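Participant: I would like the entire structure built from these sequences, with the hints used as guidance.
Protein chains in written order, with this note's numbering: chain V, 1 to 679; chain R, 680 to 1238.
Among the hints, a few may not be true.
[To be verified] Derived SDA-like pairs: lysine to any residue, alpha-carbon spacing no greater than 25 Å straight-line: (1) V:Lys291 - V:Pro217; (2) R:Lys1185 - V:Ala524; (3) V:Lys128 - V:Ser292; (4) V:Lys648 - R:Trp1199; (5) V:Lys639 - V:Arg458; (6) V:Lys667 - R:Val1206; (7) R:Lys1185 - V:Ser292; (8) R:Lys1089 - V:Ser32; (9) R:Lys1089 - V:Arg35; (10) R:Lys1089 - V:Leu231; (11) V:Lys639 - R:Leu1200; (12) V:Lys215 - R:Ile1093; (13) R:Lys1185 - V:Gln505; (14) V:Lys639 - R:Leu1210; (15) V:Lys648 - R:Val1206; (16) V:Lys648 - R:Arg957; (17) V:Lys648 - R:Pro1189; (18) V:Lys648 - R:Ile1093; (19) R:Lys1089 - V:Gln214; (20) R:Lys1089 - V:Phe260.
Calculated directly from the structure, the hints in this document are not laboratory data. What you are looking at is a predicted structure, and each value in this text was computed from that prediction instead of being measured.
Residue-level listing of the chains:
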Amino acid sequence: MSVHRPQSLSLFDRAILGQATRDAIRKLDPRSLVRNPIIFATALVSVLATVLTVRQGLAGGHGIGVPAQITVWLWFTVLFANFAEAVAEGRGKAQADSLRRTKSEAAARKVSGMDGADPTQIPAAMLKAGDLVICETGDIVPGDGDVVAGIATVDESAITGESAPVIRESGGDRSAVTGGTRVVSDRIVVRITANPGETFLDRMIALVEGAKRQKTPNEIALSILLVGMTLIFLIVVATLPAWASRSGARIPVVFLAALFITLIPTTIGGLMSAIGIAGMDRLVRFNVIAKSGRAVEAAGDIDVLLLDKTGTITLGARQAAEFLPLAGTSERDLAEAAFLSSLADETPEGKSIVALARNRFRLADPDHAELRFVPFTAQTRMSGVDLGGGHQIRKGAADAIAARTDAHPGRDLTGMVERVAKSGGTPLVVARDDRPLGVIHLKDIIKPGIRERFATLRAMGIRTVMITGDNPLTAAAIAAEAGVDDYLAEATPEKKLELIREYQQGGRLVAMCGDGSNDAPALAQADVGVAMNTGTQAAREAGNMVDLESDPTKLIEIVMIGKQLLMSRGALTTFSIANDVAKYFAIIPALFLASYPQLQALNIMHLTSPRSAILSAIIFNALVIVALIPLALKGVEYKPAAAEVLLKRNLLVYGLGGLVVPFLGIKLIDMAITALGLA
Amino acid sequence: MNARGILLIILFVAVIVALTPVLGGYMARLYEGRMNWLGPVERRIYRLCGIDPAREQHWTGYAMALLAFHMLGALVLYGLMRLQAHLPFNPAHHVAVAPALAFNTAISFATNTDWQNYGGESTLGNLVQMAGLTVQNFLSAATGIAVAAAVIRGFSRRSARTIGNFYVDLTRSVLYLLLPLCLAGALVLVWQGVPQTLAASATATTLEGARQVIALGPVASQTIIEHLGTNGGGFFNANAAHPFENPTWLLNFLYMVAIVAIGAGLTNTFGRMVGDTRQGWALLAAMGVLLVAGAFACYWAEAQGNPALHGLANMEGKEARFGIAASTLFSTVTTATSCGSVNAMLDSFLPLAGMVPLVNILLGEVVIGGVGSGLYGMLVFVLITVFIAGLMVGRTPEYLGKKIEAREIKLAVIAILVVPAAVLGLGAVAIVTGAGQAGIAAPGPHGLTELLYAFASAANNNGSAFAGLNGNTPFYNVTLAVAMVFGRFFTAIPVLAIAGSVAAKKMVPPSAGTFPTHSWLFVVLLVGIVLVVGGLTYFPVLALGPVVEHLALSAGTLF
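Facilitator: Structural data, given as C-alpha cells:
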C-alpha cells in the first residue's frame, strides 16, 4: 500500500502570487464578475460609491476622507475575492503548463493498417477518433487510444508522476494508452479513441486550470441561498432611510453601501470558487482525474463502495501458505514433491510453492536433465513432472486428481480439502504415482493495512462490498478476514450491475472501482465510477474518475476531498452569517447616533466614532476574505467521525468563532484607525 | 414575577405537551384517509360539489384550487358586507360597510389574518358575523391545515406525482376536526358565560338609574373558532379583553390551549406520517423553546414595572381578572401562533415586553404558528438549517431522506423573502407618504413600533394590532390587505411547490454520515437559524422602534 501524500506546494508561492495579483485586476471585467452574483453586486455598489465620492469631491470635498476610504475598501473587497480565485487557479496553472508542453511537442505517424506500413507524419492535434498511429521507442503517444497491435513499455510519468514504465499490449485489460506518455521500448499500433480537444490531457488541463469550470449542483444551490440573503439585506438597507426618516436621521448613501456590503455574504461569496478549484486541484495532486465536479461532490455522499477482490483487497495472486500431508507422508516428502512439480511452473502460485518449500526445508535444485515437466492444460487441469524411473508427480484440483487416479479419495483427503476451502483458501492436491500425498494450502493474501482502511470507511458511514468470482464459502472467509461489510460471490458482470441497481433503488449512492472492459457497464451505472489508469480504454471512458496510480482504496481520499469541499462551503457560509451580528452592532448605532444618542448603549465594542465604526466594519469585511484564503485552499479539516460530532465541532469553530472573531477584529481595526487618525 | 405566574406558564406547557400526541394521532389518521365516521355526510358533500375524492392533485392543481377557492370566498364575504343593509339577520340595522374597509376585511378573513379595522358590534350584523366571518374562520383555518397535510405527504411519499386533493383535505379538516371541536368548545364557552343569541342587545338599568344598551350576538360560536383556528377576529372590538368573549380566568386558559393545540398537534402528525415521531417532537421542541423563552421574557419585562413610575406594576390596558402573568402569556401565545386575539392592550405594555409579541410575529409565525402555516413555515426554516448543517458534515444536504437541492432552496428562499419585503417595503411606503403618516398618532419610536407591528401582523397573517395606528383609511385598508395576500399565498404556493418537488424524490436511507434531525443539536441549530434570519432582517427597525424607546424610557424619556 502506497502512502498518498500530495506534492507539497507552498500555499503562497511567489510566482503564483504575482500572477494572481495581475489576474485579480483582470477579473474586474464585468463578463468575468457576473459569474459570481455576490461579488458582482459588490462591484456595482463600489461603482456607485465611487460616483458619489467623486461628485462630493467636485462639490468641494468637505468631509470626504471617510467616504473615500470606504469606497477604496469596497473595491478591495472585490479585488480580494478575485485574488482568492486567481490564487486557486494559479496553483493549477503551473501543472497545466507543463502538461500543455508535452502536448504541443507531439507529432503523430499515421498508418493505414494494423501492420503499421507507410506511415505519414501529421501533427497530433489533427488526429481524429478511429485513426491508427504507430509509436516506436522514444515516441510520444500522440493521443488517447487502444493498442491494437504489438506490446511496448510505456513511461507514463508525465501523467501519473510514477517513474517506473508500464507494459501496454493489445487485447486484454492493459490496452489503453494516454496521450503525452512516452514509449520506452518496442513498437505498438494505437487506435485513437478521442477527438482533438477531448483527450485525457485536454480534460486534465481544463480541470487544473479551472477556467471553464462548471458550477456543481450544490454550488448552484448555495449560490441561490446566498443571493436570497443578499436580496433580504437589499430590502433591509433600501428601506432603512425611509424607516429612519421618522427620527429625522439622514444617512449618507456611502454609509448605506458600506452596511449593505458588510451584511451580504461576501466572505463565502468571494471564496466559493476558490474552494471549488482548490478541491479539484487537491484531487489532481492525489493523482485522480475527475471528469466533473459533480462526481467529486457525489463522492462525499457515497453509501456503498464495491471493490474487486483481486488486486484490491488481496494481492493479485494466491500464495502457498502451508503443506498439509496425509497420514503416512511426512511434510518434507510432500514439500519435495510439490517443489519438484512446480519448478517449471511460472505462475505466481507455482513460484510461491517453490519459495515456501525452499524456505522450510532448504531443498536443493535437482538435476533438470532427469526431469520432464508436464505443463498445465485446461483438459487435465493439473500440472506436474515425470521423474526418471517412471515416477510421476501431479498437482491439481482435488477432483482432477481424483478423476486421474479413478479412485475414491480417502475421507482424510476430502476433509482436508474442505477445511482449506472453508478457510478461504484454495486446496491443491499433490499425488505421486497416483497416490495422494497431501494438500498445498494456497491462500489469498490480504493486502497489508486494508482492514484499517475499511474501518476508516465504516467510520465515514460507507459500507464496503467485496466482489469476487470465488464460491460463497471462500468469499465469506476472505470477507471476514479483510473486514468488509458484505460480499458478492460468484460475480458476473450482470450480477455486479444488478447489485448496483439494487442499492440505487434503495436510494443509496454507489461507488465502484474497476479496470477491465467487463467492468464498464457497472462503472457507468455507479454514481461514482473510478477507473484504474492501468485498465482498458472502455473502463476509463465509462467511469467518471480515473485513478492514475490505480489504487482502488484511494476512494477514501476521494470521498474525503468531496466531503471537505462541502464542509468548507458550509463552514464559511456559517462564518459569514455569524459575522453579521458584530457588524450590526458596529454600524447600526453609528448610523442613528445623531438622532438617538441613547443607541450608544448598543455600541458594545466602544468604537471611537460613528465614522471609525463604519470604516472598521468594511475593512474587517475585506480583510477577512484574504485571511481565509489559506483555509479555502486547504479545505476544512476532515476526520472520519459521526455526523453529529463533525457538526458540533464545525459549529463551535465556525459558528461561535464567526460570532466572536469580528467583535475582536473590528475593535482592533478601530483602534488602529483611531491611532492613525484616519477617521 | 411570582410563583403563581411561573406556575401558569409551566402548567400551560404541560397541557400542550400532553395534548399533542392525542390530537396529532387523530390528525394523522384523518389525513392518511384512515378515518370515516362521518362517511355518509362526507360522501354527500363530495357528490353535491362534484368532487372525486379519489383523484389526487399535482401541486400546481392543489395550489390553483386553493387560490380559486379563497378568491371566491373573499368575493362572497365582500358582497355580504356591502349588501348587509338589504339582507336578513341584521337586528341592529347596520349599514353597508365602506368599500375599502369591506375589501380589507374580506381579504383579512380569507387569509386567516383577521385584522380588524372596524368594531364588530358597531359595524356588522349577525349574518355577516355568522355566514361571513365565522365561515371564513373555518375555511381559512382548514386551508392552512390542508397545505400542511399536503407538505407532510410530500415528505412522506417517494417518487410520487401528487400531494393530495385540496377539496378533500379542506372538507375533512372542517368536518372531522374543526366542527366537532368547535361544537364541544362552544358549549364550554356558553357554560362559562359567553353569550350565544341572535338578539342584538340587552338593555340594562345601571345602579345610577341610567339606561345602558349592551351589545350581544352569536358570540360563542365565533369566538371558539377564532381561537382554535388561530384566526383572532373577535366578535367585539375589544376582542378577548371583552368580558363577554373572555369572562373567566379558566376560559382565558382554555383559549390559550385552543390556540396552540392544533399547531402543536400537527408537529406530531408530521412525525407520525413521515414514520418517525421524534422528527415531530424535534420541531415542537424548537417551537417550544422560542415560545417559552418569549413568555418568560415578556412576563419578566412587564413585571419590572415602569421605571418612570418608580417600578409601579404596569396594569394599564390589562384586565384585572387576568393580571400581568396571564396577560403577557396570552399575548405571547396569541402572537406566536398568528392567532392575534388579544386580552390586553400591547400598546400599553412596556417597550421590551411589547417587543416580544412583535418579535414573535417578525420571526415569521413559526413559533407554533398559525394552524398548518406554522408547521409549513417552520419546515421552510428546517430546509435552510439542514442545508447549512448538511454542508458542515460533508454531505449534500438531505432531510428525511430527501435530497435538498437548488430547486428546494430557491423555493424556500422565496417563501422567506416575501414577508420581509412586504413588511419593510410597505412600511417604508407608509412612513414617507402623507396618507401613511396621517394614520400614525404616537410620536417618535413608539409610532414607528405601531406601524411596524401593523405591517408585520398583516404580512404574517396574525391580525392582532398594537393599537394606536388608525388603520381604517383607504391607504391602510389597501396596503395592509396587499401585505396579507402576499404573506398568505406567496408563502403557501412556494411551500406547495416544495411539497411537489420532494414528493417526486427518492428516499435516501440514513447512514452513519447522515446528520440526525431529531437531536437536541438540530433543535438548537434550527432555533438559531430562525433567530438569526429574523434578527438580521429586523435588527435595524427594531433598534429604531422598541429598543430606542426602551433605552429612552430607562433614561426617563416617554413617548
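Participant: So, for every hint listed, does it hold in this structure?
Facilitator: Evaluation of the provided hints:
For the proposed pair Lys291 of chain V and Pro217 of chain V, the alpha carbon gap of about 15 Å is at most 25 Å, so the pair holds. The hinted pair formed by Lys1185 of chain R and Ala524 of chain V meets the criterion: a straight-line CA distance of about 20 Å does not exceed 25 Å. With a C-alpha separation of about 23 Å, the suggested pairing of Lys128 of chain V with Ser292 of chain V holds against the 25 Å cut-off. Taking the CA atoms of Lys648 of chain V and Trp1199 of chain R, the gap is about 11 Å. The hint holds against a cut of 25 Å.
Between Lys639 of chain V and Arg458 of chain V, the direct Cα distance comes to roughly 12 Å. Compliance with the 25 Å bound is thereby established for this hinted pair. For the hint pairing Lys667 of chain V with Val1206 of chain R, the CA-to-CA distance comes to about 29 Å; that exceeds 25 Å, so the pair is violated. Restraint check for Lys1185 of chain R and Ser292 of chain V: the C-alpha separation of about 23 Å stays at or below 25 Å, so the hint holds. As the CA atoms of Lys1089 of chain R and Ser32 of chain V are separated by approximately 24 Å, the hinted pair is consistent with the 25 Å bound.
Note on Lys1089 of chain R and Arg35 of chain V: the hinted pairing holds, with a Cα-Cα distance of about 18 Å set against a maximum of 25 Å. As the CA atoms of Lys1089 of chain R and Leu231 of chain V are separated by approximately 12 Å, the hinted pair is consistent with the 25 Å bound. A distance of roughly 20 Å separates the Cα atoms of Lys639 of chain V and Leu1200 of chain R; the hinted pair therefore holds under the 25 Å criterion. Straight-line distance between C-alpha atoms of Lys215 of chain V and Ile1093 of chain R comes to about 22 Å, which keeps the hinted pair within the 25 Å bound.
Between Lys1185 of chain R and Gln505 of chain V, the direct Cα distance comes to roughly 8 Å. Compliance with the 25 Å bound is thereby established for this hinted pair. Simply put, Lys639 of chain V and Leu1210 of chain R have alpha-carbon atoms about 30 Å apart, too far for the 25 Å limit, and the pair is violated. Under the criterion of a C-alpha separation no larger than 25 Å, the hint pairing Lys648 of chain V with Val1206 of chain R is consistent with the structure, at around 15 Å. At roughly 20 Å between alpha-carbon atoms, Lys648 of chain V and Arg957 of chain R fall within 25 Å of each other, so this suggested pair holds.
The hinted pair formed by Lys648 of chain V and Pro1189 of chain R meets the criterion: a straight-line CA distance of about 19 Å does not exceed 25 Å. Our distance criterion of 25 Å between C-alpha atoms is broken by Lys648 of chain V and Ile1093 of chain R, whose separation comes to about 29 Å. Of the pairs offered as hints, the one joining Lys1089 of chain R and Gln214 of chain V holds, with about 19 Å between alpha carbons and a cut-off of 25 Å not exceeded. With a C-alpha separation of about 22 Å, the suggested pair Lys1089 of chain R and Phe260 of chain V falls inside the 25 Å cut-off, and the hint holds.
In this structure, the hints that do not hold are numbers 6, 14, 18, in rising order.
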